[in-house]
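J.: Full structure from sequences and hints, please.
Residue strings, one per chain:
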Amino acid sequence: MAIEIVVPRLGWSMEEGIFGEWLKQPGEEVVPGDMLFVLEGEKAAQEVESFDGGVLSIPAGAPQPGDTVQVGQLLGYLLAADETPPAELPARPAAAATAEPAVAGPAVRQLARELNVDLGQVCGTGGGGRVSAADVRLAAEENEPAAAALSRDKSRGKAISPRARRVARELEIDWTEIVGTGRTGRIRESDIRAAASQLSAPRGGQRGGGQRADHDRSNRISPLRKTIAQRMSAAAAETAAVTLHTEVDATNLVNLRGQFRAASDAQEGVPGYNDILVKLTALALGRHPDLQSQWREGALWVPGDVHIAIGIDTDQGLLAPVIRDVPARSLRQLAVETRRLAERARAGALTVDEMQGGTFTISNLGNYGVDAFTPIINLPQSAILGVGRIRQLPVVVGEQVLPRFVVSLSLTFDHRVHDGGPAARFLHTLREFIEQPGPWLID
Amino acid sequence: MASTTERQLDKTTATDLYRRMQVIRQCEEQLAKSHQRGLIHGACHTYVGEEAIASAVCAHLNADDVVFSTHRGHGHALAKGMPPRELVAELYGRETGCSQGRGGSMHLFKPEIGMMGTSGIVAPCILQACGGGYSFKILKTDQVAVAFFGDGAVNNGAFHEGLNMASIWNLPVLLVCENNQFATEVPFAYSSGIPDVGRRAANYGIPGHELDGNNVLKIYEVAGQAIERARRGEGATLIECKTYRTRAHAEGMGDFSYRTRDDVAEWKTRCPIQRLRDHLLQEGIVGADDLDAIEAEVRETIAEAHRFGEESAYPSAESVTRHVYCEQPAPPRSPILNQNPLATATDAREISYVEAGHEALSEEMRRNPHIFVMGEGIGKRGGNFNTTMGLYDLYGPERLCDTPICERGFVGLGGGAAMTGSRPVIDFMFADFIMDAVGELVNQIAKIQYMSSGRIKMPILLRGCIGIGHSAATHHSGNYYPLYAHFPGFRVVVPSTPFDAKGLMKRALNCDDPVMFLEHRELLQVKGTVPDEEYEIEFGKAVIAREGTAVTVVALARMIHESLAVAESLAGEGISVEVIDPRTVSPLDTDTVLQSVHKTGRLLIVDETFGPYSLGAEVAARVADDAFDDLDAPIRRLNGAFTPTPYSPTLEQAVVPTREAIREAIQTLVAE
Chain E
1 MAIEIVVPRL
11 GWSMEEGIFG
21 EWLKQPGEEV
31 VPGDMLFVLE
41 GEKAAQEVES
51 FDGGVLSIPA
61 GAPQPGDTVQ
71 VGQLLGYLLA
81 ADETPPAELP
91 ARPAAAATAE
101 PAVAGPAVRQ
111 LARELNVDLG
121 QVCGTGGGGR
131 VSAADVRLAA
141 EENEPAAAAL
151 SRDKSRGKAI
161 SPRARRVARE
171 LEIDWTEIVG
181 TGRTGRIRES
191 DIRAAASQLS
201 APRGGQRGGG
211 QRADHDRSNR
221 ISPLRKTIAQ
231 RMSAAAAETA
241 AVTLHTEVDA
251 TNLVNLRGQF
261 RAASDAQEGV
271 PGYNDILVKL
281 TALALGRHPD
291 LQSQWREGAL
301 WVPGDVHIAI
311 GIDTDQGLLA
321 PVIRDVPARS
331 LRQLAVETRR
341 LAERARAGAL
351 TVDEMQGGTF
361 TISNLGNYGV
371 DAFTPIINLP
381 QSAILGVGRI
391 RQLPVVVGEQ
401 VLPRFVVSLS
411 LTFDHRVHDG
421 GPAARFLHTL
431 REFIEQPGPW
441 LID
Chain W
1 MASTTERQLD
11 KTTATDLYRR
21 MQVIRQCEEQ
31 LAKSHQRGLI
41 HGACHTYVGE
51 EAIASAVCAH
61 LNADDVVFST
71 HRGHGHALAK
81 GMPPRELVAE
91 LYGRETGCSQ
101 GRGGSMHLFK
111 PEIGMMGTSG
121 IVAPCILQAC
131 GGGYSFKILK
141 TDQVAVAFFG
151 DGAVNNGAFH
161 EGLNMASIWN
171 LPVLLVCENN
181 QFATEVPFAY
191 SSGIPDVGRR
201 AANYGIPGHE
211 LDGNNVLKIY
221 EVAGQAIERA
231 RRGEGATLIE
241 CKTYRTRAHA
251 EGMGDFSYRT
261 RDDVAEWKTR
271 CPIQRLRDHL
281 LQEGIVGADD
291 LDAIEAEVRE
301 TIAEAHRFGE
311 ESAYPSAESV
321 TRHVYCEQPA
331 PPRSPILNQN
341 PLATATDARE
351 ISYVEAGHEA
361 LSEEMRRNPH
371 IFVMGEGIGK
381 RGGNFNTTMG
391 LYDLYGPERL
401 CDTPICERGF
411 VGLGGGAAMT
421 GSRPVIDFMF
431 ADFIMDAVGE
441 LVNQIAKIQY
451 MSSGRIKMPI
461 LLRGCIGIGH
471 SAATHHSGNY
481 YPLYAHFPGF
491 RVVVPSTPFD
501 AKGLMKRALN
511 CDDPVMFLEH
521 RELLQVKGTV
531 PDEEYEIEFG
541 KAVIAREGTA
551 VTVVALARMI
561 HESLAVAESL
571 AGEGISVEVI
581 DPRTVSPLDT
591 DTVLQSVHKT
601 GRLLIVDETF
611 GPYSLGAEVA
621 ARVADDAFDD
631 LDAPIRRLNG
641 AFTPTPYSPT
651 LEQAVVPTRE
661 AIREAIQTLV
671 AE
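Residue numbers (my numbering), protein chains in the order written: chain E, 1 to 443; chain W, 1 to 672.
With a straight-line cut-off of 25 Å between C-alpha atoms, the simulated BS3-like cross-links for lysine-lysine are:
(1) E:Lys24 / W:Lys268
(2) W:Lys11 / W:Lys218
(3) W:Lys527 / W:Lys541
(4) W:Lys380 / W:Lys137
(5) W:Lys33 / E:Lys43
(6) E:Lys24 / W:Lys33
(7) W:Lys599 / W:Lys541
(8) W:Lys268 / W:Lys218
(9) W:Lys140 / W:Lys380
In short, the hints are calculated from the structure, not lab data.
None of these values were measured; they are calculated from a predicted model.
T.: The following block contains the structure:
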């Protein structure tokens, strides 16, 4: 097995360095303890020791002397005597997605301050989720209907203590008409109470337009919600998404599922529609591997394996854990794994690893009575399959109208990566598998 | 290498030493490789070339003997018996690591086998080992404490203070200096006035040795004698082992800016493992097959350790603040009594603040034989402030231990003692004095529970005087509580009445967290009612010293008394002031303050110490956060002047908030 040579971290906080030179030639034998290459870190250039032995292999596209390299980046391989080098340099692993604060320019930030808009609460529509001035204005309008804005104008320049403001709200007093008795003319609690006692009758029903009704809510945005928002915006902004819809005869699928149910006892899990669809989709992707291509740093990278992410609706938000190596799993194993991931997702226990590395995503809204929809691509993937509910419809078969089960499939793909033809051919293969599922599920 | 001892070496001992050294070497090589591959997230200091020392010393130790070590501590942990998988997993940052991912290379803990920790600071282990030795005297056992440290530690005050304390108290400790000739990159030949460490022992009146640190059998022999000597109660020994690390100071660091390739290559030929192997084969003590089998077995162990590390989960982010404090606080020994039932009694017993603390200490010392007090003049003399008056006659010199003037030394020792089963009370007289020991307090005492993932407790009480008054000038008047409250790990207690002083002291002596117990010197003779019955006051429970409705005043220590006097006079003017005493600065009871501000809408914090980053700043920020809508006026603070404490009475008076200033601040706030 080829041993990878990677860029080590020199010193406390190095994240990247400059590749100096190889101290061994390609094809040369390296023994443990040999100095292998020179790397320039934060302080100085250093010779880096090899802890392994083997024949040095430097693939095409490997960093050249003087190139900036990232810690962990692959530089080459040490091979056994009779070993051939791996075909190509795998792409650098993408950095784990991290929730970041809203991106916005100084002018937009200034506007947000003026309009009293919290940038963290604004969903940016610009590239990379960047918040634009228009986003801020929209958010300001949503926050403050006109009446409230007017009332604020009237109150501008008037000082009121937070406590007095709160009491005014509780007593439904319009404090903008009150003269404050505080040291700097500030309206204090006592001023509000004095004004309230002067009013003869309670002033029900005179809420200002800006007051929130009691049943409105303003929930804090959770980190997960922000991550979802960013990923969705990024996908919408960066991809050229096209959705193909098709209706597929699912009668055999329904029959097959019925057989599974009838044959299994209550103890062991019954593979669900989603499990069967995940399996069939993986097989279809095996025939159309390019549909998994990912746009990475100006190149198209085609994953060798099929790892399918499945959308799970949880109390916290949408999560998409990944079922790995779907083709290698039996249908029953798939069912077990799906159930495990779904339980962990709902318990909030998924690890980062369990949510990374998917090569294709399936989102099934059939349980919610949805027929068809336009799913958003789960970056860095380039295609996603939406599955609608299975419903009975009258279908013309030959000369007859027969009741048949039908399911809608919606395939969204990134037109930067794929053309419509290949996407349609994939969908066609999947349709064939679903219409005659039995033969494909024997393994 | 052919002394009598070596020839008589039995096969069991020989293979044991060989195995220990192999485990260290192979584990270090795996770790160096893992560092290069990015599996180790922070620093990694290897022990390659120095394996003989830890192996030879630890071969004599029982599981209940304790080891304190330094940043280059992998070898000590392994030689003391830590399974390699727990070390590897720790460096990989996993929850199965010996410190559950809270330590990494430099903070390795396994108290279950006496591995009491490694430290990123070079010399505190010497003081902690002295503390372990002191504990064993208090506990009356024959355990031994060992400190491993490098040549970088011996020009540091802790070395001097530690050796002196080990000598004057005849402590059962072994101090092992691994002189690898470079403190990071600074040569020992440059940093020391004399070229050897071992002979320095003579200056302290303890035996010292200078050994070839790559000769495992010689170290085994000398360490064995020293440890037996310590067990017999004959005191401490210093052993210097001259050695060399043949890898860089830390993995990923350059190595040839301060030493030459030739030097390193030459030292590699003196490999302690190869030397032992050659000797064993030559003398026919163990056969090559047996040694090869050990190597192969160790190789499998290390490979398994690596797999275990890689497969282990990372700790969950939610657990990040676990173990800052003891998770299972000791139940109170006396009933909890947070409010003084005699507050308004007229014929109840009244004693002074210092008498109340004394009562608490003597009650607890009578009950718990593991409590000992250390400080300057706290023995026969009974303490500069009578804090221990009469206790020496009851409990003798070991439990009432006078110290040299070496605050860093005895505070560090106290930390080590608390880690090993006794309960030290460090009486430092004036809080200013322990500024010399802040490293021991902040880096060690406050962090040990966390770094050891809660497996080591830190039941230490540190007490002394704070406060401005009577022209004590600036080295006898500091307040310092905001400093300690800033750091996670401390309990910071600042009582203002005799009732509080006794109840909080009782709690502190029953608490497994380190407690800074700061007593205002101007309050020591203040009298107040104290119940006859024993009681404890919980930490983090403020007391409402006076109820009121117009304004809330939060104050502490002497400022409570000043604020109460002002409140009394303002009542006559129709201003109703509520006065709150948090009593403990950490934990800080903000709930009581928030409830009060909800009622009054106004908040003033009166605090004798400086304003920036102080108690007032903290209370103000929390109230602004949580009670913004309750505020009818800006929050105000009244603090001591931002200056060292001056001597002259006219200047001193200008430093501390006066009653007039408090009065004016309240009146202004009410008018806001």
